[in-house]
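With the sequences and hints as input, model every part of the structure.
Number of protein chains: 2
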Amino acid sequence: MEMGRQHQAALEDLLQWRRDVRHFRADPVSPETLSRLRAAMDCAPAVGNARPWRVLQVDDPAKRAAVIADFEAANEDAASGYDDDTAAQYRALKLAGLREAPVHLAVFTETDPNEGAGLGRQTMPEMLAYSTVTAIHTLWLAARAENIGVGWVSILHPDRIAAICDAPKSWVLTGYLCLGHPERYDDTPLLHRAGWQETKPTYWEVV
Amino acid sequence: MEMGRQHQAALEDLLQWRRDVRHFRADPVSPETLSRLRAAMDCAPAVGNARPWRVLQVDDPAKRAAVIADFEAANEDAASGYDDDTAAQYRALKLAGLREAPVHLAVFTETDPNEGAGLGRQTMPEMLAYSTVTAIHTLWLAARAENIGVGWVSILHPDRIAAICDAPKSWVLTGYLCLGHPERYDDTPLLHRAGWQETKPTYWEVV
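Chains as they are written, first to last, in my numbering: chain C, 1 to 207; chain D, 1001 to 1207.
Everything labelled a hint here was simulated from the structure, so no lab data went into it. The structure presented is a predicted model; accordingly, all values stated were derived computationally and were not measured. All C-beta atoms in this analysis are idealised placements derived from N, C-alpha and C, irrespective of residue type, glycine included.
Once the Cα atoms are required to be at most 20 angstroms apart in a straight line, the calculated SDA-like pairs of lysine to any residue come out as:
hint, chain 1, residue 1, chain 2, residue 2
1, D, Lys-1200, C, Ser-35
2, C, Lys-200, D, Glu-1110
3, C, Lys-94, C, Leu-190
Pair by pair, the computed Cβ-Cβ distance ranges are:
hint, chain 1, residue 1, chain 2, residue 2, range
4, C, Gln-6, D, Thr-1188, 20 to 30 angstroms
5, C, Arg-5, D, Glu-1183, 16 to 26 angstroms
6, D, Arg-1005, C, Asp-77, 38 to 48 angstroms
7, D, Gln-1006, C, Ser-35, 17 to 27 angstroms
8, D, Thr-1188, C, Ile-68, 39 to 49 angstroms
9, D, Lys-1094, C, Asp-85, 53 to 63 angstroms
10, D, Ala-1069, C, Arg-184, 44 to 54 angstroms
11, C, Ala-79, D, Ala-1087, 48 to 58 angstroms
12, D, Ala-1087, C, Gln-89, 52 to 62 angstroms
13, C, Asp-27, D, Ala-1087, 48 to 58 angstroms
14, C, Asp-187, D, Pro-1125, 20 to 30 angstroms
15, C, Glu-32, D, Gln-1006, 11 to 21 angstroms
16, C, Arg-5, D, Arg-1184, 14 to 24 angstroms
Selected chain C positions facing chain D (Cβ under 8 angstroms, derived; list incomplete):
hint, residue
17, Asp-42
18, Gly-116
19, His-137
20, His-192
As structure tokens, then:
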């Protein structure tokens, strides 16, 4: 189909107001909403049409507690790597909403799928994980369109999360996501607002 | 801002009708359109707000010819890896529109950026490349909203493309993109239509 001005305007709003959310309200996300987000992921691009993303919705309290403990250990390791002033600034940032978020999703990549028969990933095997990343970004935008916030937590040990989730050996963690209703909407990245890193424009050169 | 039904409907159209395009018309993409696509990438998520994507628009005919030669070599290597019947099926697929597409973009990841001061990528350094992937996917959707097709070519040797583009040593190729007006619109992946790999639904399990 031919897209029109309303598609461009809607996408602009979604891109401008999509944030990495770490401040969640406690009220649940409905199963119907999660089902629509799952359906949105079905439309993500995938190398060789292999669709290697595998989503585990982590509801078990013991698994969640183990994930939070891993985050806290990795976060303290990261803080310790900075000089004193920067470490204090780092520790003041809220970098995850794992305790508050009503939904946790561990998104893995099947690193040896039959699907696709290897097409498109002989010289760039990383394309499988990249496909999962586009599926995560698709979920993120679909969630934003439903006014649901998503936070991508990368301060974790991927092998440890895979073990906590009893993931098959051929699965590698690509992203760990928190979902929920955000406390507020914002059009500016938190790390820009907090003075950690200003937002810079995209580098684009003609060669 | 609060998103409404029009945002959900527009995003559904964009996701459903976004394709990996390999069939392009020859007419150019306007500089104003490319400028809007670049601005859309500014809104992509990035670990530590580091924004490590680096776009080279490859206009030089000699560079383009070298990229096409690398694709053809990698594609023939890939075909040779299949049994005779599958190789014939593989060779019948059109997997890139490098000769026809009016715009080529080589999208790299700066693997050692100052921006972000390492935040969010101590245990998962792959988050830098993943940020570039979300920027590519953002460009892809913004292009679709303007009825411009994008094809992501991964049948290439990333080191060779970096050399052709004279990229700095710290840049790694994440994606090589063809852009142009598509010959037709489609809501079904080419590899599904061609019988190479059917589209399967997203795996999602509660644990």
